[in-house]
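Start from the sequences, fold in the hints, and give me the full structure.
Protein chains in written order, with numbering that gives the first Met the number 0: chain U, 0 to 95; chain W, 0 to 191.
Read the hints as simulated data drawn from the structure, not as lab findings.
In this text, all values refer to a predicted model and were calculated from it rather than measured experimentally.
Ideal placement from N, C-alpha and C gives every residue a C-beta, glycine not left out.
Watch out, some of these pointers could steer you wrong.
[Stated by the list, open to error] Which chain W residues stay away from chain U? Per the calculated CB distances, all over 12 Å, these:
(1) T5
(2) S7
(3) A37
(4) A64
(5) R84
(6) S113
(7) D126
(8) W139
(9) D145
(10) D161
(11) G163
(12) Q185
(13) P186
[As the list claims (entries may be wrong)] Below, a list of computed lysine to any residue pairs in the SDA-like style, where the Cα atoms sit at most 25 Å apart:
(14) W:K111 - U:R39
(15) U:K33 - W:E166
(16) W:K91 - W:A187
(17) U:K33 - W:E100
(18) U:K33 - W:I134
(19) W:K91 - W:D35
(20) U:K33 - W:E101
(21) U:K33 - W:R127
(22) U:K33 - W:Q43
(23) W:K91 - U:H25
(24) W:K105 - W:E166
(25) W:K144 - U:R39
(26) U:K33 - W:L55
(27) U:K33 - W:Y131
(28) W:K111 - W:I46
[Claimed, not checked] Among the chain U residues that face chain W by a calculated CB cut under 7 Å, a handful are:
(29) L20
(30) D26
(31) T30
(32) E34
(33) E43
(34) W46
Okay, here's what each chain looks like letter by letter:
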Amino acid sequence: MIYEVFRQERKGQPFQHAGSLEAANHDFAETYAKEFYGRRGESEALWIVPREAIMEAEDFVDELNRNYHRVDGYSLKEKLKEARERAGHALVARDR
Amino acid sequence: MNEQDTRSLLEIADDELILGWRDSEWTGIAPLLEEDVAFSSIAQNEIGHARALYELVAREQGTTADELAFDRAPDEYRCSTLVERRFLDWEKTIARHYLYEEADAKRLEELKQSGDAEVAGLAAKIDREEAYHRIHAQMWFDRLKDEPRFTAALDELRPLLDAGREEHSAELAELWEEMTMVRRSQPAGTRW
Chain U
0 MIYEVFRQER KGQPFQHAGS LEAANHDFAE TYAKEFYGRR GESEALWIVP
50 REAIMEAEDF VDELNRNYHR VDGYSLKEKL KEARERAGHA LVARDR
Chain W
0 MNEQDTRSLL EIADDELILG WRDSEWTGIA PLLEEDVAFS SIAQNEIGHA
50 RALYELVARE QGTTADELAF DRAPDEYRCS TLVERRFLDW EKTIARHYLY
100 EEADAKRLEE LKQSGDAEVA GLAAKIDREE AYHRIHAQMW FDRLKDEPRF
150 TAALDELRPL LDAGREEHSA ELAELWEEMT MVRRSQPAGT RW
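Now the structure itself:
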């Protein structure tokens, strides 16, 4: 059986994919995963997951072409900056 | 360090060196690639333990770890015949691994109680790594325990645990020839 191994490098950090291994059962998978990804202090914790237990989703169809739902390319930073500037002017104008 | 401690340390060191050598013979040819890496790592640990133990004994005897490891005659080694055997079948290798780890755990437990703090400390340090070897051995035992080829190997090898350390097999002499070849090919005192 193929297992996918994820490792956490430091406490609080997200788990990241480390690699995969082949093992006869969960016990072997745990031992091998510790051997390959954990025994030298390089990981805080491991997730060892049978590959078949992982659900993969990759087809994100946008059949109605409603791309106005998407926020990619919309830079909030710029808009915020402009809004702040406007607000600043407004503030100055009112104080006057 | 008392005489008894020195003797046990040397016995364990010789066991670990020779077993480390034998286990390392599986590097690149183990039945599974994952196991190849894991077992090679175990082999390397054993040789590392041998080195640490030889260093303690060497200081006691006014010699060096290298001289103890490589410059004695084969009949001066104090290893068990169990570790000397050369196996080309995996079930025997795993049976030996299991029997050895079981016996090794017992003597390390005793050594951890030694009145000599340095001996007890080293035993504890070695035992922390052996704990991983025991998990590995147990895992294989659980997997193979109902296989006749494995139980036959256990039955064949178990008596070797009590076979004594005075008599050695011809296999040790052959291993020693290879193990010490590089050192013997150069004049004594050659710096590497």
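Each hint, compared with the structure:
{"no.": "1", "hint": "T5", "verdict": "holds (31 Å)"}
{"no.": "2", "hint": "S7", "verdict": "holds (27 Å)"}
{"no.": "3", "hint": "A37", "verdict": "violated (5 Å)"}
{"no.": "4", "hint": "A64", "verdict": "holds (24 Å)"}
{"no.": "5", "hint": "R84", "verdict": "holds (25 Å)"}
{"no.": "6", "hint": "S113", "verdict": "holds (27 Å)"}
{"no.": "7", "hint": "D126", "verdict": "holds (16 Å)"}
{"no.": "8", "hint": "W139", "verdict": "violated (9 Å)"}
{"no.": "9", "hint": "D145", "verdict": "holds (14 Å)"}
{"no.": "10", "hint": "D161", "verdict": "holds (30 Å)"}
{"no.": "11", "hint": "G163", "verdict": "holds (33 Å)"}
{"no.": "12", "hint": "Q185", "verdict": "holds (34 Å)"}
{"no.": "13", "hint": "P186", "verdict": "holds (38 Å)"}
{"no.": "14", "hint": "W:K111 - U:R39", "verdict": "holds (24 Å)"}
{"no.": "15", "hint": "U:K33 - W:E166", "verdict": "violated (39 Å)"}
{"no.": "16", "hint": "W:K91 - W:A187", "verdict": "violated (38 Å)"}
{"no.": "17", "hint": "U:K33 - W:E100", "verdict": "holds (19 Å)"}
{"no.": "18", "hint": "U:K33 - W:I134", "verdict": "holds (11 Å)"}
{"no.": "19", "hint": "W:K91 - W:D35", "verdict": "holds (16 Å)"}
{"no.": "20", "hint": "U:K33 - W:E101", "verdict": "holds (21 Å)"}
{"no.": "21", "hint": "U:K33 - W:R127", "verdict": "holds (15 Å)"}
{"no.": "22", "hint": "U:K33 - W:Q43", "verdict": "holds (16 Å)"}
{"no.": "23", "hint": "W:K91 - U:H25", "verdict": "holds (24 Å)"}
{"no.": "24", "hint": "W:K105 - W:E166", "verdict": "holds (23 Å)"}
{"no.": "25", "hint": "W:K144 - U:R39", "verdict": "violated (31 Å)"}
{"no.": "26", "hint": "U:K33 - W:L55", "verdict": "violated (30 Å)"}
{"no.": "27", "hint": "U:K33 - W:Y131", "verdict": "holds (10 Å)"}
{"no.": "28", "hint": "W:K111 - W:I46", "verdict": "holds (20 Å)"}
{"no.": "29", "hint": "L20", "verdict": "holds (5 Å)"}
{"no.": "30", "hint": "D26", "verdict": "holds (5 Å)"}
{"no.": "31", "hint": "T30", "verdict": "holds (6 Å)"}
{"no.": "32", "hint": "E34", "verdict": "holds (5 Å)"}
{"no.": "33", "hint": "E43", "verdict": "violated (18 Å)"}
{"no.": "34", "hint": "W46", "verdict": "violated (18 Å)"}
Taken one by one, the earlier hints fail for this structure at numbers 3, 8, 15, 16, 25, 26, 33 and 34, listed in ascending order.
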